[in-house]
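Asks: Heads up: the protein sequence lines correspond to chains W and D, in order.
For the first sequence, position 144 matches number 143 in numbering that gives the first Met the number 0, and the numbering has no gaps at all.
For the second sequence, position 247 matches number 246 in numbering that gives the first Met the number 0, and the numbering has no gaps at all.
What the hints contain is simulated information worked out from the structure, not anything from laboratory work.
Incorrect hints may have been included.
[What the hints assert, rightly or not] What follows is a set of in silico ranges between Cβ atoms, one per label pair, in the way DEER data are often shown:
1. W:177 to D:201: 31 to 39 Å
2. D:310 to W:127: 29 to 37 Å
3. D:110 to W:55: 54 to 62 Å
4. D:268 to W:210: 18 to 26 Å
[As the list claims (entries may be wrong)] Capping the alpha-carbon separation at 30 Å, the derived lysine-lysine pairs in BS3-like fashion look like this:
5. W:252 to D:235
6. D:126 to W:247
7. W:167 to W:179
8. W:242 to D:235
[Claimed, not checked] Short, incomplete list of chain D residues facing chain W, as computed with Cβ under 8 Å:
9. 222
10. 224
11. 228
12. 229
13. 245
14. 250
Virtual Cβ for every residue (Gly too), placed ideally from N, Cα, C.
There are 2 protein chains.
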Amino acid sequence: MKIAIDAMGGDNGSKPVIEAVKEFLNKYPGNELVVFGKEEELQELNGLCRIVNAPDVVPMEAGALEVLRMKNSSMCKAISTMKEEGFDAVISAGSTGGFLSAATLILKTIPGVKRSALVTAFPTKIKGKKVVVLDVGANNENNAEELLQFGYMGKAYDQALFSVKEPKVYLLSNGAEAHKGSPLVKEAHKMYLEDKFVGFQGNMEARDVLNGDCDVIVCDGFSGNVLLKGMEGIAKMMSGMIKANFKKNLWTKLGYLHVRKGFKDMSETMDYKSVGGAMLLGINGVVVKAHGNSDAYSFFSALKVAKQMVDFEVVKNLKESFKNE
Amino acid sequence: MKIAIDAMGGDNGSKPVIEAVKEFLNKYPGNELVVFGKEEELQELNGLCRIVNAPDVVPMEAGALEVLRMKNSSMCKAISTMKEEGFDAVISAGSTGGFLSAATLILKTIPGVKRSALVTAFPTKIKGKKVVVLDVGANNENNAEELLQFGYMGKAYDQALFSVKEPKVYLLSNGAEAHKGSPLVKEAHKMYLEDKFVGFQGNMEARDVLNGDCDVIVCDGFSGNVLLKGMEGIAKMMSGMIKANFKKNLWTKLGYLHVRKGFKDMSETMDYKSVGGAMLLGINGVVVKAHGNSDAYSFFSALKVAKQMVDFEVVKNLKESFKNE
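Use the sequences and the hints to build the structure in full.
Replies: Next comes the structure, spelled out in structure tokens:
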């Protein structure tokens, strides 16, 4: 397995990437990681893996064209080298828009796939169980046919990453009943039925997404983005309130000692870092976007996501699924 | 002020409504409440306010046509009597879909208003400060012109309910930058600028909605529903985790004693019941939908919302705003 790694784009620079790479090589020997970035910053990896000097750093707000113009950027070199040398995967913690669109332009979508989708996983009420959500923002709008394809893509991802044999797939809607939803959802619902999509369970309201019943929730990129970021926003607000409650005074700090374990478990459950970022599905190759503020643990999780996608041949399987489209 | 009250539709029957009515008459004497429902259940209100016998109860899942057909239902009678006798407001805790569409059909939208919108308020990071969100689900889809009108409606609501003089209005989008968003948001953004909408601040991502900077967030009914219910879902999940953490054993219960105050404040802040449900804006008359599972406090809050909307002549002001449309 060969993975191209952009070591520079994240908020925290190359340090967490170096840590994650070392950890990964240690845990999964026999895989080849190729790291792109400022050579002098990557000395620690000398002898452990191939280092490609690509000193320019793509700014956080960069778009695809800017990435493509920056030929010596770690991001652009990582993607284009992946393409030229036939690597299996590419990872970056840099500009989401820039990375995803540049990867799409360089690597191209799988034949038959109308649109790629950004997929990630949320924690649920059921310990250890995740729900797969797509598209969370690769697209500004989608049509019904694309929503049907997202169902197949999400299913393949869920099977590979969480070993769910027969994922239950729902459409995100404003009511659970089959006749409810936006015109787009209504049309997509009909297409799922006509397609006899195995595992399709109907519509689901946003409030039930985390109840543990749903394996894959399909939505257009705009709604998915609202869902993801809305949940992120309120979770952050509540976590802040919890911390403030415990930090108020000596007495409350004492209280924390009594419940420390439970709240640590809770913050681990809610921790998006364990999910390892998001993957762009539907592309010729595994494209993983690590969180912009990744620490070593988070970047390592992203590497693991890439590995599992390659191990389970998700790209090959999707090519198979969509070859007759 | 005359308010029509459907006493029957909620999950908890007429009991919390009776409590809320008594409390309201006590706190705000001189207002006339007319209560619709099973006469024998409402005896406690005899002498306090007018009671109209309307024994049929609209089922939770009823649509507008079902409501209109059930002439002797408390919901249908409350709305039609409001219209016939010229009341100021109507309130129900019954079927959302049925109530909102029946109210729209009977009372009609304000001339010039393209679509009514369901509006509610969320808590924010800043203590006591609420953010107004609309549409949270009256519509399955909206066009840009409707989103512009929602801005005016939300502004009027914010000014009346929270006394914000010059509300900051944002469009919900998948990026804060002006050029980001669905085609709908992009078009609406342009219309806000062309309209020189006073207080328009641009786009806002879902994750920032609760940061306290935004007074009114405008979205189409589908996205708004996803935002509202997604946040509700994760807030409920986290609250459940918090409670479970404290209830584990004697030791954790002891811990709770140390931080009780902070967590009570927190659950009050997050408590949707204090917001008093949602209002349907853009209708000829004040139409308030109390929470289906309202207790007396929650229904009382809904009555207060209705009172403030009438006091501040929101309907009259909106009529003024839209008369040249």
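Asks: Each of the hints needs a verdict: does it hold here or not?
Replies: Quick rundown of the hints versus the structure:
no. : hint                       : result
1   : W:177 to D:201: 31 to 39 Å : 37 Å, holds
2   : D:310 to W:127: 29 to 37 Å : 52 Å, violated
3   : D:110 to W:55: 54 to 62 Å  : 59 Å, holds
4   : D:268 to W:210: 18 to 26 Å : 24 Å, holds
5   : W:252 to D:235             : 25 Å, holds
6   : D:126 to W:247             : 16 Å, holds
7   : W:167 to W:179             : 19 Å, holds
8   : W:242 to D:235             : 18 Å, holds
9   : 222                        : 5 Å, holds
10  : 224                        : 4 Å, holds
11  : 228                        : 4 Å, holds
12  : 229                        : 4 Å, holds
13  : 245                        : 6 Å, holds
14  : 250                        : 5 Å, holds
Comparing the model with each numbered hint stated earlier shows that hint 2 is the single one that does not hold.
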